[in-house]
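Each chain is listed here by its residues.
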Amino acid sequence: MPLAPASMSPLLEVQDLRVEFDTPEGKSRAVNGVSFQIREGETLGLVGESGCGKSLTAMSVLRLIYPPGRIASGRILLRGRDLLTVSEPEIRKVRGNEIALIFQEPVAALNPVFTVGDQIAEAIRVHHKVSKKEALAEAVRLLRLVQIPDAERRVREYPHQMSGGMCQRVMIAMALSCKPSLIMADEPTTALDVTIQAEILDLLKRLKEEFRLSLLLISHNLGVIAGSADRVAVMYAGRIVEEAPVRVIFAAPKHPYTIGLLRSVPRLGETGRPARRRLYAIPGTVPDPYAPEAGCPFAPRCPDVMPDCRREDPRLLPLEGGHKVACFLHHPAHPSTGTATS
Amino acid sequence: MTGTPKGSLLEVRGLKKHFPIRRGVFSRVSGYVRAVDGVDLALKQGETLGLVGESGSGKTTTGRCILRLIEPTGGSVLFDGVDLLGLSPAEMRKMRRQIQVIFQDPYSSLNPRMKVGSIVGEPLAIHKIARGTDREHRVADLLCKVGLDPMAMRRYPHEFSGGQRQRIGIARALALNPRLIICDEPVSALDVSVQAQVVNLLMDLQEEFSLTYLFIAHDLSVVEHISDRVAVMYLGKIVEVADAESLYRDPQHPYTRALLSAVPVPDPDAKPQRIALRGDLPSPADPPPGCAFHPRCPVAVEVCSRLEPKLLDSGGGHLASCHLVHPDGAGPPV
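Protein chains in written order, with the numbering used here: chain A, 36 to 377; chain D, 17 to 350.
Quick caveat, the hints were computed from the structure, so don't treat them as lab data. Careful, some of the hints might be misleading.
Away from chain D, derived, C-beta distances all over 12 Å, residues of chain A [to be verified]:
#1 Phe56
#2 Arg130
#3 Val161
#4 Lys168
#5 Lys214
Okay, the calculated bits of chain A under chain D, using three or more residues with CB under 8 Å as the criterion [to be verified]:
#6 247–261
#7 278–287
#8 292–303
Just the calculated beta-carbon pair ranges, DEER-fashion [to be verified]:
#9 D:Ser104 with A:Arg188: 49 to 57 Å
#10 A:Leu354 with D:Asp329: 54 to 62 Å
#11 D:Ser92 with A:Ala172: 52 to 60 Å
#12 A:Asp323 with D:Val315: 51 to 59 Å
#13 D:Gly54 with A:Leu354: 54 to 62 Å
#14 A:Gly356 with D:Gln114: 52 to 60 Å
#15 A:Pro103 with D:Glu223: 40 to 48 Å
All values derive from a computational prediction rather than experimental measurement. By construction, the Cβ of each residue, glycine as well, lies at the ideal position given by its N, Cα and C atoms.
Next up, chain A with everything else stripped away, as it sits in the complex (with noise of 0.2 Å):
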């Protein structure tokens, strides 16, 4: 694991981010009021299970949340510039250039009808004036930097000439072309067989040391974010709920979401067990997006409720050592802090 890196300015700064969706049902905060930085050279790990609102805050920073939904407020400060506000030509100038992002899917991200060639050289002139043949030429580079074994004649495939790895190595060289400063990867090894996961992994953190990249990685697998972040931050219902670095969440979680969420994940090669023991499972399913109940969205599930956690959310305060956690077991101003059974 790197040490945390030197610089702390932040590169990517999330300010209270709200994404709602209007739908006959009715409306839904799918993202509830989300703050997070990413530094330079950092990667920030955003774990959660599904609609807990992780793709969502990706793609916020993008601007490609789409009808019905929407960004309702918030700041989204990149080197302090609110991407909420400039105009379209200007965020489709960081699209790609700037952050670039890599999916979950990554057979289906790309066009089964060009050559990954084309398509990464299509990237490359879609943001810089080379010619063609230039392109192309670069494309074979970085096939060599994503480690695609002889990429003069792979870059003439299609993709589905190449297994899920491969494609997902492309996709990753394409989104290297523009040298972005922070790559978002949504679930970037979901769809990827252990072996083929661990390849990929390695090799986005090789990439991120030589090019100092940024990266939010986006994982409900928790090995995965274990060995790849440098902080991590818990969403659930559409919050963060505990943010802290990467050994204090694994050693020292605070907040009941993340202790039952990292209890109920079974760990390989525990030996001496008892043969077949039960797994620890958090009770209950997330709360209905379109029924949002007073207080925090976890306390119908959480071991350690109190009568104060049913009527008001607690916020995401800061403990020390850079953990923020919002519950009221934690706050500081709570009568009950200290009290934690966990």
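Knowing the structure of chain A, use the given hints to seat chain D on it.
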């Protein structure tokens, strides 16, 4: 498998499924995809056998061939001593009362136009076991068993979350009091916290109804958790099978070792000792000669490209098919 374990509920011998590749205007068969290529498995009453492997290894096809949802090309599937492959369609339908299946995707495996009550009650109707209020009572009972409100029977699948839908699928599988359930990636589409609930439910139901599970999954940690024994598949063949404890503590086959070493560990201080594999999974239409794993194997020797290794016991019922493991029984140096 060498020797027949006493009291096997299910015994699969030399199971093969070769899908023809058709080319040209006359759809001439130009080759075969050897999706399952000689699989031997045995399940004892009440045990869980985990079947793991990466995509394309043939684990799902194996499960479907056992149920004859896909007709196998060869081999035999003995269930309680009866060869399922020799049964007529009508006899097979009767047999399916005892062998049920839970599918991976809780979104596409439930008919969106049917109410939950009809979905769970359908097996009872097909097999003419219960009707009218009797059926309704049974359905209510099944829904309770899987942790759902009996009132759920009046609602449609889309009103439920992924985890709840998987519970509906489990209730349907239980409706006929089966003895064997083939669970094909039953928790892969679920979130971690919900996955734990469903894994626990499957273990509880197994105890209550002394069910036997063939648990097909790619997640090695979940499989370790739920299985008594585990079989590892690679390119249509079983390469290793052993007690869960023995397989995870002391994996013998280089493929199993690589697979286990690649699982991301939820601990930032874990030092990954990852064994890298060269290249991608070869096409099952054109499997490599000798040991199918040899082109990617980090410890392959000359003989591996010539001779196919047999699945042999290296002590205590731990079977592996690797030239370096047998005959001396020692693991290959990694």
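Cross-check of the supplied hints:
With a least beta-carbon separation of about 17 Å from chain D, Phe56 (chain A) lies farther than 12 Å from that chain, consistent with its non-interface assignment. Its beta-carbon lying about 29 Å from the closest one in chain D, Arg130 (chain A) satisfies the requirement of being farther than 12 Å from that chain. Under the 12 Å C-beta cut-off, the non-interface status given to Val161 (chain A) relative to chain D holds; the minimum distance is some 30 Å. Under the 12 Å C-beta cut-off, the non-interface status given to Lys168 (chain A) relative to chain D holds; the minimum distance is some 30 Å.
Listed as outside the interface, Lys214 (chain A) is consistent with that label: its C-beta sits roughly 28 Å from the nearest C-beta of chain D, beyond the 12 Å cut-off. Look at the stretch 247–261 of chain A against chain D: 7 of its residues bring a Cβ nearer than 8 Å to a Cβ of that chain, three or more, so the hint holds. Only residues whose C-beta sits within less than 8 Å of a C-beta in chain D count toward coverage, and the stretch 278–287 of chain A has 3 of them, enough to reach three; the restraint holds. With 8 residues carrying a beta carbon less than 8 Å from a beta carbon of chain D, the stretch 292–303 of chain A meets the three-residue requirement, and the given coverage holds.
Between Ser104 (chain D) and Arg188 (chain A) the CB atoms are about 53 Å apart, so this pair conforms to the stated range of 49 to 57 Å. Taken as a hint, the range 54 to 62 Å holds for the pair Leu354 (chain A) and Asp329 (chain D), whose Cβ atoms sit roughly 55 Å apart. The given range of 52 to 60 Å is respected by Ser92 (chain D) and Ala172 (chain A), whose C-beta atoms sit roughly 58 Å from each other. Taking the beta carbon of each, Asp323 (chain A) and Val315 (chain D) are about 53 Å apart, inside 51 to 59 Å as hinted.
Checked against the given bound of 54 to 62 Å, the beta carbons of Gly54 (chain D) and Leu354 (chain A), roughly 59 Å apart, stay inside it. Look at Gly356 (chain A) against Gln114 (chain D): about 58 Å separates their beta carbons, and that is inside 52 to 60 Å. At roughly 46 Å, the beta-carbon separation of Pro103 (chain A) and Glu223 (chain D) lies within the given 40 to 48 Å, and the hint holds.
Violation of the numbered hints given earlier is absent; every hint is satisfied by the structure.
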